[in-house]
Amino acid sequence: MDPTIFGFLLSDGLISGALYALVALSLVLVFAVTRVILIPMGEWVMYAPLTQAGFLEGRLPATVGLSALLLLVWAVLDRRRGRAPWLLAGWAVGVGLLGMAGVRWPSLAGPIAFLVVLPLGPASFRLFFEPLPQGSVLLYLILAVGLHFVYKGLGLAFFGPDQFRLPALWPGELGVLGLPVPGQGVLLVAAALLAMAGLFLFFTTLYGKALRAAAVNRLGARISGISVREAGRVAFLLATAVGAAAGLLAAPLTNASYDMGFLLGLKGFVAAILGGLVSYPLAVVGGGLVGLLEAFSSFYASAYKEAIVFTLLLPVLAWRSLSALTLEEEE
Amino acid sequence: MLRVRGLAVRYGSAVAVEGVDLEVHPGEVVTLIGPNGAGKTSTLLALTGLARASGELCYLGRPLDGLEPEERVARGIVLVHERRLLFGEMPVEDNLLLGAFSRYKRGERGLGEDLERVYRLFPRLAERRRQPAATLSGGEQQMLAIGRALMSRPKLLLLDEPSLGLAPLVVQEIFGILRRLKAAGTTLLLVEQNAKAALSLADRGYLLEAGRVVLSGDAAELARDPQVVEHYLGLHPEERP
Ligand SMILES: Nc1ncnc2c1ncn2[C@@H]1O[C@H](COP(=O)(O)OP(=O)(O)OP(=O)(O)O)[C@@H](O)[C@H]1O
Ligand SMILES: [Mg+2]
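Protein chains in written order, with our numbering: chain A, 1 to 331; chain B, 1 to 241.
For reference, chain A alone in the conformation it holds in the complex:
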């Protein structure tokens, strides 16, 4: 292989690896706090750029309504919790106003799409996972797969089957060792590293440790004054933020369509598993590996590139179950 092709594949692999890394980070975050393997994350990652595309076309994307609706249901469920229902209702109204602002000012479409998609995570946790506090990892997984189908179906209904191309935030290119690397790709890699460092640091604070403790020993957390529900909501919120940002940054490079979420989520999951679903730095390394493997296998055997990536899962799962560190559940 000549060095230029090698260079291209390398930069391609690292850039898609950064996307997988971000998805993997969000999955690790959610799993570490709630023991949920969040399959629908891929859908939310896609919703963000699709929502942005809606604003750019001058129409109000249906995700605005979905977000506001879920927040209102949440407000009704929490109607007896003091000021909470009012804050939630206010948040729902805020999402509606943001939607109108997005149509009015297309230059802000990206950040507004981010804010519109953000409530989907915590609201889904409140509506679907919180009512089953004692659920097993398997039960949560089944629920997550169900939600994946629901959000995927909604995606088709909201946005249709088309692919959308979105404008790059950094349209230029950057020369790295004589290779032209798209600026947008540089942003994506930077975002992955930043999110990794941010999450790593967050989980060294007492607040971050409390989130983790909520999963390590649920009852132990409650008698220590840690609200397990709040921990789950915060984890879902942070994870959705990471996922939505990843979707918005990646879409100018990869396009966006309603059905791209699943494979994306699955590749992020492979990356997360490489880190045992517990380590943020390893999840990023895993993302990079998946991206590189995919880039090089698409060069040598493009028809099999997905198969090759998922085959990676098998030895990793075998190795992980042998060294089964923190995956075992509490009593």
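Since the hints were derived computationally from the structure, they do not count as laboratory data.
This one's a predicted model, so the numbers in the text were calculated from it and none came from an experiment.
You may find that some hints are simply not true.
[Claimed, not checked] Stretches of chain B that chain A covers, calculated by requiring three or more beta carbons in the stretch to come under 8 Å of a beta carbon on chain A:
hint, segment
1, 67-78
2, 88-96
3, 101-108
[Said to hold, decoys possible] Covered stretches of chain A, going by a simulated chain B footprint (3 or more residues, C-beta under 8 Å):
hint, segment
4, 202-211
5, 215-224
[Stated by the list, open to error] Facing chain A, a subset of chain B residues (Cβ under 8 Å, in silico):
hint, residue
6, T48
7, H81
8, L85
9, R148
10, S152
Beta carbons: idealized from backbone N, C-alpha and C, even for Gly.
Put chain B with the ligands on the given structure of chain A with help from the hints.
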């Protein structure tokens, strides 16, 4: 400080506690003794909000109804659970700091001072501060569970069988600590199988059988009661010293 009237705890159709009246005054040590299955743990779980209960629970002049366990911790009702419920894979020090989470969330800082205080109380924990909690011995885990509860600066500390499964020497050590907590004015509600140790520490006591209070009163008097002596202190009345 705590007034309980007509407390009942049911698990499905099984009745664990029925019509229990209980009082704890500030600075007092009150013990709850009774045989296995008497409903001691259920009573404590009802106070912390972990078991669904009916009856009147009044704490610091206000009802506890509708407060989540974590909200009760923030108000000073803290339980040392009979199963300890430590964060096994996390270091000893993190376990302790997490005990102070409700204070941290209120914006209190300077938790390091409390940490030092707990380490002075339990020097063995200080030596093991970086070690995962799961690797501690049973006695050390109990100390950690108590230490974690103390980090929240409890107003009413509920202890569920702190001597459970521990060697006599360690039990003595734990009771030594409880004695020091008492001397420092901490209000304790202590559930114990070890009635002798519990009654010697407590000011007052309640004897629970099959979910009901069958005897209550001054701890020293309870310790002389023939029924208590025979069944819980392991001596016949005539053998009494
Ligand atoms: N989660 C539960 N579901 C059903 N029944 C329960 C549950 N917890 C306790 N019980 C029943 O309630 C009764 C009281 O139990 P509890 O644990 O309060 O007793 P205890 O006095 O703490 O006993 P021990 O000294 O053995 O700890 C027992 O008959 C027990 O079987
Ligand atoms: Mg018990």
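Broken hints, numbered, in rising order? none
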